[in-house]
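The residues making up each chain are set out below.
Protein chains: 2
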Amino acid sequence: MKTQPDDSTLSMAHIFNSAVAASAIGAAWEIGALDELSERGVLNVHQFVTHKQLDTPAALALFRALAAVDVVKREGTRIVPGVNFTEACRTRSFFHWLCQGSADLFRRMPEVVYAHNREGDFHRRDSAAIAFACREISTFSYDPWFWQAVGGLDFDVTSVADLGCGSGERVLQLLRHFPAAHAVGIDIARPALDVAAGAAAAAGLADRVTLFQADVLALVPHEAFDRVELLTSFMMGHDFWPRANCVAVLQRLRELFPGARRFLLGDATRTPDTADRDLPVFTLGFEVAHDLMGTFIPTIADWESVFEEGGWRLHRKHTIDLAVGEVIFELVRL
Amino acid sequence: MKTQPDDSTLSMAHIFNSAVAASAIGAAWEIGALDELSERGVLNVHQFVTHKQLDTPAALALFRALAAVDVVKREGTRIVPGVNFTEACRTRSFFHWLCQGSADLFRRMPEVVYAHNREGDFHRRDSAAIAFACREISTFSYDPWFWQAVGGLDFDVTSVADLGCGSGERVLQLLRHFPAAHAVGIDIARPALDVAAGAAAAAGLADRVTLFQADVLALVPHEAFDRVELLTSFMMGHDFWPRANCVAVLQRLRELFPGARRFLLGDATRTPDTADRDLPVFTLGFEVAHDLMGTFIPTIADWESVFEEGGWRLHRKHTIDLAVGEVIFELVRL
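Protein chains in written order, with this note's numbering: chain A, 1 to 334; chain B, 1 to 334.
These are calculated hints, taken from the structure and not from any lab test. Since we're looking at a predicted model, the values are computed, not measured. Errors might be hidden in some of the hints.
As the list claims (entries may be wrong) - Per label pair, the in silico range of CB-to-CB distance:
#: 1; chain 1: B; residue 1: Arg190; chain 2: A; residue 2: Ala206; range: 43 to 49 Å
#: 2; chain 1: A; residue 1: Arg90; chain 2: B; residue 2: Glu308; range: 34 to 40 Å
#: 3; chain 1: A; residue 1: Pro5; chain 2: B; residue 2: Gly76; range: 30 to 36 Å
#: 4; chain 1: B; residue 1: Asp207; chain 2: A; residue 2: Asn117; range: 33 to 39 Å
Glycine included, every Cβ here is placed at the ideal spot set by N, Cα and C.
Using the sequences plus the hints, can you model the full thing?
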């Protein structure tokens with residue numbers, strides 16, 4: 001029955017196997033398999049299964065999926081890095097974002113494309129998984145530029161608030177950077193905040209951080225906001241939009257944080273005229289996901305058109321543009 | 001394949017984009033976009049969106065994902081087939097099985113690999129979506145051989161039972177083939193049976209079919225079973241296993257269907273020494289999924305070792321082996 005496959009037969013098989021492997025990359029990262037392979041250069045499945053208390057056939061299946069796309073090579077139960085291993089490690093958080101955090105959205109694509117299925121809370125993603133991935137995405141997509149901006153501040157920071165703090169990594173890093181400061185973390189997602197609370201406790205920083213479960217877009221005043229000097233927000237600014245709403249949110253934040261002297265706002269932006277083919281990792285998944293969710297992603301020009309109206313002046317712009325038009329705006333209050 | 005194998009940055013981007021596109025292939029099939037493109041050779045997104053009452057940005061995102069892996073070409077809102085279109089249409093049911101029906105299992109890979117998370121009902125798939133995909137998978141993976149076996153029967157069929165009937169396509173086809181026959185469809189999944197009931201009503205065959213929601217592995221006698229002459233079961237036989245259980249199930253079916261003269265049992269089987277690379281479409285997803293679920297997939301030799309003990313004799317074997325060791329056994333009662 002088996003005939004010699006042609007090019008498109010091989011291509012489609014590779015696309016299918018890639019979809020299986022993509023889930024396995026996120027999983028292998030989360031369970032520590034990628035780190036163990038990075039550190040030791042080899043992984044023995046039986047030892048790893050015993051150490052992590054895994055199911056052997058399930059673990060072997062995971063490594064087999066990785067081997068199908070050359071992330072690892074498998075010789076029986078001995079796993080070594082494949083030719084794509086280094087790049088898979090660099091991009092693992094994007095795969096986790098897609099295949100763990102956003103899986104339910106992509107699964108439901110045949111439903112959510114229908115207009116009548118787009119009422120109310122029509123899509124769901126795993127906020128704890130998204131926060132897990134975004135913590136690492138942030139480290140290489142924003143952090144070098146973020147710390148450059150923090151280093152350039154011309155005032156001492158005694159209080160900082162992070163809007164959309166997720167699992168709290170940025171908040172904790174700021175507390176370590178400013179040992180006298182207090183921090184406020186605000187996020188809508190309880191599962192992510194639970195992770196943040198655990199991390200703060202584990203770091204011995206729980207007494208210096210206050211976590212609020214709240215929608216940043218519908219925030220009400222709180223005394224903890226009054227003395228905040230530095231406002232940060234990463235990977236959520238697109239939720240401020242569309243335009244009129246964004247202006248209102250920026251104005252509102254200016255009122256809610258009357259002492260905020262600098263606002264570091266980092267996010268992905270829509271790059272104009274994006275091609276369909278040869279897109280770098282993340283771009284397609286990010287843009288398709290937001291189109292499926294009906295979330296507007298502004299361009300850099302869109303952003304630049306709202307700051308003054310929102311009561312802020314653009315002090316400096318860090319154009320990063322690794323995959324999805326990443327940028328950090330340094331805003332000062334007008 | 002379109003990326004240089006030694007360029008791991010391009011390779012990993014292609015793997016990521018393939019995972020996005022895989023969901024879009026299943027979705028494009030389900031909403032009728034692949035059929036429209038097949039029939040007309042071109043699809044205008046605005047007309048399609050109006051006709052199907054879709055959301056325009058979401059629909060455009062779907063086509064963009066398809067374009068990223070050459071399933072279609074996109075010129076603005078004009079969509080035409082890409083070089084992988086024909087093969088994508090042939091394999092679309094496998095993609096749907098993976099990305100719609102089985103998505104939740106793959107999403108939860110980081111959890112289900114842990115032994116302590118594998119208690120009870122630890123995995124969930126979308127049974128209606130699986131049934132939707134399996135109906136088409138069956139048409140090219142089993143049906144030609146199935147109808148050959150049916151054509152070779154040396155007796156008239158007045159009553160047939162399909163074990164694991166899913167959305168009921170086989171039951172309805174058998175009723176059309178044997179215009180005097182009555183059919184019994186048994187499945188554990190209510191959503192799939194609801195689809196089957198609707199299809200039977202739509203086909204005007206409702207009065208000739210009896211649907212039971214029941215676990216085939218724990219079936220109790222029913223008068224409707226007594227006169228069944230032909231027993232069929234496709235894509236569920238692996239659930240009979242492990243061995244001792246399979247023998248018991250085969251014996252039990254022989255008792256429950258005392259008039260069954262032929263049992264057509266079609267399923268995937270595990271092929272020994274499967275490679276990690278260059279696997280045809282479906283194999284990797286099917287085998288990884290069953291390893292994650294802890295479902296034993298027997299080899300053909302495993303099957304051949306249980307029939308006599310189970311009270312059946314192997315009359316004929318149809319070796320299909322398109323992707324996952326597909327086979328149909330024709331059994332006669334001992």
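Report task. Kindly confirm whether 30 to 36 Å is satisfied by the beta carbon distance between proline 5 of chain A and glycine 76 of chain B. Result -> Because 33 Å falls inside the window, the suggested range holds.
Query raised in the report: Is 34 to 40 Å right for how far apart the beta carbons of arginine 90 of chain A and glutamate 308 of chain B are?
Result: violated, 56 Å
Query - asparagine 117 of chain A and aspartate 207 of chain B - C-beta distance against the hinted 33 to 39 Å - result: holds, 34 Å
Query - C-beta pair arginine 190 of chain B, alanine 206 of chain A: status relative to the range 43 to 49 Å that was hinted - result: holds, 47 Å
Hint check: a violation occurs at hint 2 only; the rest are consistent with the structure.
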